[in-house]
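**Student:** Here numbering that gives the first Met the number 0 is used: the first residue of the sequence shown is 0, the next is one more, and so on.
If you are wondering where the hints come from, they were derived from the structure by calculation, not from laboratory data. The reader is advised that the hints may include incorrect statements.
Derived Cβ-Cβ restraints for the label pairs, each shown as a range [said to hold, decoys possible]:
no., residue 1, residue 2, range
1, Thr11, Gln57, 30 to 38 angstroms
2, Thr39, Val64, 28 to 36 angstroms
3, Thr5, Gln69, 32 to 40 angstroms
Here are the simulated DSSO-like cross-link-like pairs (lysine-lysine), alpha carbons at most 27 angstroms apart as the crow flies [said to hold, decoys possible]:
no., residue 1, residue 2
4, Lys59, Lys14
5, Lys59, Lys42
6, Lys14, Lys27
7, Lys27, Lys7
8, Lys59, Lys7
9, Lys77, Lys59
Model, not experiment: these values are computed from the prediction. By construction, the Cβ of each residue, glycine as well, lies at the ideal position given by its N, Cα and C atoms.
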Amino acid sequence: MLSTLTSKSQITLPKDIRLMLQLEPGDKIAFLPMADGQITVAKANKASFATLRGILPQPKQAHSVEEMNQAVLDSVAKHHHAGA
0 MLSTLTSKSQ ITLPKDIRLM LQLEPGDKIA FLPMADGQIT VAKANKASFA TLRGILPQPK
60 QAHSVEEMNQ AVLDSVAKHH HAGA
């Protein structure tokens with residue numbers, strides 16, 4: 000099933016998906032990124048958000064935007080040279 004992203008970054012969930020997840024207007028929807036790059040979509044409830052809290056480890060130290068940008072550049076350069 001496909002849905003189109005609008006200019007306002009919105010999508011319409013197909014009816015079959017809404018029925019499968021038993022979604023009603025006003026319900027919250029959780030988008031859960033998986034390790035393999037896929038996204039799982041689920042009907043959210045208060046318990047699901049509480050369950051997710053703390054699932055990712057806290058960083059040992061904060062990094063500046065400059066440090067993060069440099070890490071991205073280093074990774075791109077590393078992968079570019081590895082593929083060359």
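**Student:** Could you run down the list of hints and mark each one as holding or not?
**Tutor:** Consistency of the hints with the structure:
no.: 1; hint: Thr11 with Gln57: 30 to 38 angstroms; in the structure: holds (36 angstroms)
no.: 2; hint: Thr39 with Val64: 28 to 36 angstroms; in the structure: holds (29 angstroms)
no.: 3; hint: Thr5 with Gln69: 32 to 40 angstroms; in the structure: holds (35 angstroms)
no.: 4; hint: Lys59 with Lys14; in the structure: violated (43 angstroms)
no.: 5; hint: Lys59 with Lys42; in the structure: violated (32 angstroms)
no.: 6; hint: Lys14 with Lys27; in the structure: holds (16 angstroms)
no.: 7; hint: Lys27 with Lys7; in the structure: holds (18 angstroms)
no.: 8; hint: Lys59 with Lys7; in the structure: violated (36 angstroms)
no.: 9; hint: Lys77 with Lys59; in the structure: holds (24 angstroms)
The structure fails to meet hints 4, 5, 8 from the earlier list, while all remaining hints are met.
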